[in-house]
Structure formats: C-alpha cells, structure tokens
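> One letter stands for each residue in the lines below.
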Amino acid sequence: MQKILVFASKELYTAFRDRNLVLLMFATPLVLSTIIGLAFGGIGGNSDSELPEFADIPVAVVNLDVGVDTQEVITLPDQFANLDALPFDPGDLASAFNQAGIGPDQLSQNGTALNFGDQLAAILLSQPVEGSGTTTTEGFDLTELGCSLLDDSENAGPPAVASQGSLDDLLNGTAMDNADQARAAVDNGDFVAAVIIPPGFSKRVIPKFAFDDNLRLRAQSPGDGGTVEVYASNGRPVSARILHSIVSGIVNQFVRAGVALGATLETSANALASGIVEGEIDLGAVDLSALPTGLQNLNAAALEPLGCLITPGANNINVTQQPLAAIQEAPPFSRVIVPAGASQAVFFALFTGVFGIQSIYQERRHWTLQRLIVSPTPRVYILAGKLVGNLVTVFLQIIILLAALTLIASIVIGQPTLIWGANFAAILIVTLALSLCVSGLGVFVVGLAKTPEQVNLFGPMINISLAVLGGAFGFALPDQAARFSLIYWGVDAFMQLANAQTGIAVNLLVLFGQGILLFLVGAWLFKRRLDL
Amino acid sequence: MQLMVEARNLRKTYKRPDGSSIEAVKGVDLEIRQGEIFSLLGPNGAGKTTTISMISGLVEPTEGDASIGGYSITKEPMAAKRLMGFVPQEIALYPELSARQNLAFFGRMYGLGGKELGRRVDELLEFVDLSDRQNDRIDTFSGGMKRRINLAAGLLNNPPLVYMDEPTVGIDPQNRRRVLDTVKLLRDEHNMTVLYTTHLMEEAQELSDRVGIIDHGEIIAMGTQDELVQQVGEEDRLEITIGAQEIAESHLERMQQETAGVTRILCNPPEQVSDDSSESMPAKLTVFAKRGRTALPQILQDLDSAGVEIQSVAVREPDLEAVFLALTGRALRD
Chain Z
0 MQKILVFASK
10 ELYTAFRDRN
20 LVLLMFATPL
30 VLSTIIGLAF
40 GGIGGNSDSE
50 LPEFADIPVA
60 VVNLDVGVDT
70 QEVITLPDQF
80 ANLDALPFDP
90 GDLASAFNQA
100 GIGPDQLSQN
110 GTALNFGDQL
120 AAILLSQPVE
130 GSGTTTTEGF
140 DLTELGCSLL
150 DDSENAGPPA
160 VASQGSLDDL
170 LNGTAMDNAD
180 QARAAVDNGD
190 FVAAVIIPPG
200 FSKRVIPKFA
210 FDDNLRLRAQ
220 SPGDGGTVEV
230 YASNGRPVSA
240 RILHSIVSGI
250 VNQFVRAGVA
260 LGATLETSAN
270 ALASGIVEGE
280 IDLGAVDLSA
290 LPTGLQNLNA
300 AALEPLGCLI
310 TPGANNINVT
320 QQPLAAIQEA
330 PPFSRVIVPA
340 GASQAVFFAL
350 FTGVFGIQSI
360 YQERRHWTLQ
370 RLIVSPTPRV
380 YILAGKLVGN
390 LVTVFLQIII
400 LLAALTLIAS
410 IVIGQPTLIW
420 GANFAAILIV
430 TLALSLCVSG
440 LGVFVVGLAK
450 TPEQVNLFGP
460 MINISLAVLG
470 GAFGFALPDQ
480 AARFSLIYWG
490 VDAFMQLANA
500 QTGIAVNLLV
510 LFGQGILLFL
520 VGAWLFKRRL
530 DL
Chain F
0 MQLMVEARNL
10 RKTYKRPDGS
20 SIEAVKGVDL
30 EIRQGEIFSL
40 LGPNGAGKTT
50 TISMISGLVE
60 PTEGDASIGG
70 YSITKEPMAA
80 KRLMGFVPQE
90 IALYPELSAR
100 QNLAFFGRMY
110 GLGGKELGRR
120 VDELLEFVDL
130 SDRQNDRIDT
140 FSGGMKRRIN
150 LAAGLLNNPP
160 LVYMDEPTVG
170 IDPQNRRRVL
180 DTVKLLRDEH
190 NMTVLYTTHL
200 MEEAQELSDR
210 VGIIDHGEII
220 AMGTQDELVQ
230 QVGEEDRLEI
240 TIGAQEIAES
250 HLERMQQETA
260 GVTRILCNPP
270 EQVSDDSSES
280 MPAKLTVFAK
290 RGRTALPQIL
300 QDLDSAGVEI
310 QSVAVREPDL
320 EAVFLALTGR
330 ALRD
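Line by line, the protein sequences are chains Z and F. Residue 399 in numbering that gives the first Met the number 0 sits at position 400 of the first sequence, and the numbers go up by one each step. Residue 91 in numbering that gives the first Met the number 0 sits at position 92 of the second sequence, and the numbers go up by one each step.
Be a bit skeptical, because a hint or two may be false.
To be verified - Have a look at the derived ranges for each label pair, beta carbon to beta carbon:
#1 Z:W523 / F:T223: 44 to 52 Å
#2 Z:D478 / F:G142: 57 to 65 Å
#3 F:T223 / Z:K449: 45 to 53 Å
#4 F:H215 / Z:N455: 35 to 43 Å
#5 Z:W523 / F:D135: 35 to 43 Å
#6 F:L2 / Z:S464: 39 to 47 Å
#7 F:D121 / Z:S8: 20 to 28 Å
#8 F:D121 / Z:A504: 50 to 58 Å
#9 Z:K449 / F:S71: 53 to 61 Å
As the list claims (entries may be wrong) - No farther apart than 27 Å at their CA atoms in a straight line, the calculated lysine-lysine pairs in the DSSO-like style are these:
#10 Z:K526 / F:K14
#11 Z:K2 / F:K114
#12 F:K114 / F:K74
#13 F:K14 / Z:K449
#14 F:K25 / F:K74
#15 Z:K2 / Z:K526
#16 F:K14 / F:K25
#17 Z:K526 / F:K74
#18 Z:K449 / Z:K526
#19 Z:K2 / F:K74
Bear in mind the hints are in silico, worked out from the structure with no lab data behind them. Heads up, the beta-carbon is just placed ideally off N, CA and C, and yes, glycines get one too.
Okay, chain Z solo, but in the shape it has when bound:
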C-alpha cells in the first residue's frame, strides 16, 4: 500500500512540475472561461439591471395532454359483479343513494377529468387556464388559488416569494398546437426552446387505484404517458439549460403531488371501507343528498390546495423555488461562467486523464518502468499507483479550476461570490465522481489502444466528441444526445449546485457508475501495457 502511495505521489509531483502540462491543465481553461464569461456576461454584479440573456426567454409551449378521467383511475375487482360477495350489504348503499335521489345515470355523468398538462402549460405561459382547466366541468382560473407565481401583486402570496421574481419575468411563453411546428420555430430561432407536453402526461402523474384480494384500495404506479420534451436551441445553451431546469422542477412537483394524492386517497378510502364493514358507519343514516352539489364544486374546493401544491411559489416547493431565485439573483458573469467554466474544466481534465495514463509509454521508453518491474514491487502496485496518481491529479485539477474560477468571478463581479454554491461537500463529491469518470476514461482509452500513436489519435477525438455532445463548445445538442457525455452530467450537477439545488443523485449515479465501469475494464486492459 505504501508503495502505491509513493508511486501516486511521484505521478502527482511530476504532473505539477511540468510547465507545459500545467499550462494546458489550468491556464487554457481559465482564460477561455473568463473570455466567455466576459463576452456574454459582462463585468459587474448588478443582476437586476442586466439580464440580457436570462429575461423574457422566448418559449413555445405545446400542450398535447388529453387528461385522465377519474372513472378510469379506479379498477373495480371481479367481486363487484357479484354483489353478495361485498363485505357490506349493498342494499344499504342503494337505499342511501335512492334517498338522496341519485341514480346510476347521475353518478356516471359526473366523472371528473383531470388535466395536469393544462396546468403546466399555464404556469409556463404565465396565464390563467381557460376552457378545460383542471376539470372539464368548468373553467378554472389559477389566480383564484391565491398562489403567487402567476400574480405579481404584493398581496397575492407570501412576500418572500414575490420578492424573488417570478416566471413571467424570466419566460415569454407562446402557446402552440403543433409539436413539429414548435420544433421548427425553435430551429428558426424564434424560440429558445419548445416545451412539448405529451398526450399522456396526466396519466403519468395520477396514480391508478385497484382493489386487492381483500377489497382494500391500493394505489399503483402511474401509467407510462411519455415525458415532457424540452426541445432546445443550440444557439442559447444557457437559457435552454435554465428552462430545462425549471420544467424538470415543476414536473417533479406534479409527480410528487400525484404520489401524495394517491397515498391520501388510499388511506381515506380504506378507513371509510373499514368503518362500513365493521358497522361503525351506518350507510342508511348517511345523507348523500349533497353529493351532486359537492361534485359540481369539486374543481374549486378540492383542487385549490392541489393547485397550490404544484405551483412554484408555494412554501412547500422549496426545491423548485430556490433555483428560480438563485438564477434571477446571480450576476450575469456568474451565470455564464458556471456552465462555461465547468465544461471547460471537465474538457481539459479529459486530456489530463488520457495523457496522464499515457505516460506509461514514456516510462517504458525511459526504462523507468523496467527498473520498477525489476524491483521487488508487484506489477499490480505499479498499476494501482499509476491509476491513483492520475485520479488525484484530475481531482486536484478540477478543484483548483473551480477555486480559480470563483476567484476570477469574485474579482469581475466586485465582491466575494460563491459561484458554485455553498454546498462544499456536494461540490467535492461531484468532483470526485467526475474525476473517477475522467480518469477511468483515460485508463480505458490507453488500455484499448495498442500504441502511443493510437492514443494520440483517438484520445483527443474521444475528448472532443464528448465536449461537442456535452455542450463544452458553446452550443448544446438535444438532451438525448448530450446525456451520452460525462461533461453533460458534470456540468449539469455543478449548475444545480450553483443554483442551490440538491437533485444531483442521478448525475452522481451516472458519473460514479460510468467511472467505476471504465476504471475496471480499463485497468484490465491497461494491465497488458505492463507486459514487456
């Protein structure tokens, strides 16, 4: 173990003593990031007066959601066909309905359709829902909910929310009917992005219910209704990323609301059923005459809390609320240098990863590798020392670059600014995950290549491809493509941390998973390079 550390220390020392390497590792990404930051973000820290890029982002919103009928939500078991099998006397229930004047026709007519796509569209468009709102029975106006997001007036919501700015400052939404036309409009440069809500969006949000063998109501996973597509413009990647972040946050709230709703209904229904079965509730004595009126009023009465629950601006959606505030409050230079600096840091770290490991060929040419092999040092120690040394070098490179970019940003803005956020533990974990991935890729590439010439050819090609995919060159590819690049996952994680978000679990999972896999396969391949 000590020999591994000695070897890793030597790797680290030689890497940081090489002036050319240090120039490539630090000076180049810092200069590039600063230039990009100054060119697009300007100098100074006044975020209120200068929002050239991040105010009134033009967005097309296409809502294809067909909603979901509540009668489809509950699946009745076969036992219901045979009324004698019910755990209570169905005669009592029929009698109660008869007393209230409710027949089968009235019940089926009052099926309620929920459409969460309408609500998401309304949030993004910053306008009240018209026509088919959250219910089909009547129009529904979000402003009536008293939730602050869509209403800038001081009295509309909690003061803390109003002071943080709102989505209608940030977005300039336009409703469209056709997804292809919206994508074409983005391609033409009319919009920064198009948000396309799929037909089955509500189905995906609302859980389904079914009775189990004991006739207990159970919530089930929502159906697969497709995902919300954010079709972004290559020309304004930062704005597109911001929009993507907003949409993700809101959609997550819908999903959470759906899960909460499912759990609540499940518990309530089962409690009611238990009461009936155990005779605690006498159906004959229940007055159901108010039911039709209640159903008519369901939209306003029952959905108000639900509407607030899923509206950014309510106190219970801190996760979504904070990034909006952070994005709006961050100085323009900071907003630009975070994605630009993070992507440049990872991009140049990729070269350190590949060429650091490639130095094994240099060791071989200089015969230092042979001297090590002749010493009483197992080859696996030499391999481990090389890999650990490279991993630590990449880690330090990224950390130093993040620190240096913080310093530069603070100087440009004119005051100390933690551009990566204040969650230092998370920053370190993301950096570690990225380093593992970057170093693992280096080991994999060098292990796969047969000669140093092949590494020199394929290493930069792979790095540049990842940079193009991950948006390190100033333009963003569609998410589906970008996700293939570790740069995307790293930059996205850093941006989330910079915006005080904490939803980086998937990023970490992808980076650690990819890193470990590349490291293991790469180490197995790389071991051959120690055979002389």
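Following the hints, position chain F against chain Z.
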C-alpha cells in the same frame, strides 16, 4: 564456491506481427558464482539483453527458469528480486526529478524508508561523486553523470547481485573508466556478484573472472579467459588491411601451406559502405599463426610478389576477439 545465479534451459520466443515467431534465446544454461564478475559477451542482437531480462524477472521466459540465491525468478520473484540490483543500458531515471529524488523514489520501491533511506542515498551520492549535484534535475546532467546516478540507483538495496547491461554505452572515455573501476570496486570491496553484458571485448577482458560468449541466442563458449583461449589454440592473429583488392583463393591456399606456423587464413572482401557512394571498407586478411611475428616477413613478401598493396598490419595475441572469430567466423564488431 556458492552459486548466485543458476539458469537452466532459458528460452524466449517472440511472435512477429505476421504470425511467425522468432527465437531470441535458445536454451541458455548459466552458472554464476558468488563474488565474481561474469560477462556475457556478444555482438548486438546476440540475445544478451533478453537473457539478462529473463534472469532479472523483467521478461517471462517461454521455457526454463533461473534462480537467484536459490529463489526461482518465476516462482518466488519478490524474494529473488530483493537480492538484485539492476543497471540497465538506458538511463532509467526520471529526468524531471533531481538526483536525490530519483534515488529516494527507487529506494522506497525497494522497501527502504526513513533514516535508512536518507543514509543510503547519501552514501551512494558520495560513491558516484555527485553529492554536490544531488538537488539538480537529472535532465541538466551530462551523459556520464546520468550514467553514474543510473549505476547508483541499481545499488540502493545494497544487493549481493548486480545486473549491468552495457553500462558504458555512449559515454566518454573518462566516465567509462570510472564505471569500469566502480564495477571492480563492487566486487573487490563490497563482495558483490556482477553479471555484466557487453559487446566490447576489451571491457569483458579487463573486468571478467569468467566470460560467456553468446551468439544468435546461444552460449557458444563459457569459462575464464585462459580457458577460452585454450579452446581455440594459442595462436597469434595477423590482421592485414589490403585495400580494395581481391586475392585468388589458390594464392591464399598456397601461402598457408608454404608459410611455417600458419594454420588458417580468412579473407574479408572489400565492402561498399553505401549504395550511392564509391566509398568502401578495405579488404582484410586475418592470418592465424603459431608464431605470428616470425611468419610475418614471409607473408608480407608473398603478398608483395602477388602485387597486393598492403595498407596496414597488426599482430594480435590470443584474446576473446580471436575466440569469437574462431568460433563464429565473424568479428565481434561485424
């Protein structure tokens, strides 16, 4: 005397890119005694480095095994490697590190640490006379100084056995002399066993207690210098350079029969140095004779009467070069 190195049937076969194979070492058997300098002498490409690489554990033998101080290099490599130091032909040092940092790093790889490591590094820097340059980077050193640090790095663990693979390649005569003196010092004062490879007959002759002559991957002769010379007979060698001329085979045969003491005559015809030049290596006659100086006047007279222009004459007493020539029909430098 106790054996330090014992190699049995060492064989190494490499595969070529076209799928065919080449046997670099063809079943070498070797015994090196404790405290002796054993030289492996042979021309470039003879298999010296491959043999030493297998014995030192750098390259895995295709067949056979070697033991160092009783430990098998294939079965107990760590125990065997603890007994050896390695001085490769190349400068196996990190150019961006100082002399001291290089020695300290490799010392740690031999398990040294703390004060022991510091003391050993000091001793070796003193030993190679480079204490005053210990903190300078290796890439600022001259070739000879690098060689000395390269040598010191092979002695860090104070090994009972040191491999030296052509350690004087590419250095000036002064540093070469220093290296050769150091090798003798290691044996005489530190009782180290040295396995030394070289293609220079003079070095093998000066240093070695015993010599193994290797050619085309095989040991063709092994023993003390006297034993080897006796193998080919104690004949003087007359080397006569005759320019770009050719001598009839019949004339050489007649000269061998008629000159007293002459046992054999080899004729190397002139060789063109390059395709596009008229420059050529002169032809050379090598005459083996029991009493070379006595036979020389008659040989010169015969050549003169045949109209051969003589450019130079050298009389060489029996040596390893003669042994190699006698065994292979080629000079070591060919």
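> With reference to the structure, classify each hint as holding or not holding.
To see whether the hints hold, each was checked on the structure:
no.	hint	result
1	Z:W523 / F:T223: 44 to 52 Å	50 Å, holds
2	Z:D478 / F:G142: 57 to 65 Å	58 Å, holds
3	F:T223 / Z:K449: 45 to 53 Å	46 Å, holds
4	F:H215 / Z:N455: 35 to 43 Å	37 Å, holds
5	Z:W523 / F:D135: 35 to 43 Å	40 Å, holds
6	F:L2 / Z:S464: 39 to 47 Å	58 Å, violated
7	F:D121 / Z:S8: 20 to 28 Å	21 Å, holds
8	F:D121 / Z:A504: 50 to 58 Å	54 Å, holds
9	Z:K449 / F:S71: 53 to 61 Å	32 Å, violated
10	Z:K526 / F:K14	19 Å, holds
11	Z:K2 / F:K114	17 Å, holds
12	F:K114 / F:K74	32 Å, violated
13	F:K14 / Z:K449	15 Å, holds
14	F:K25 / F:K74	21 Å, holds
15	Z:K2 / Z:K526	17 Å, holds
16	F:K14 / F:K25	15 Å, holds
17	Z:K526 / F:K74	20 Å, holds
18	Z:K449 / Z:K526	12 Å, holds
19	Z:K2 / F:K74	22 Å, holds
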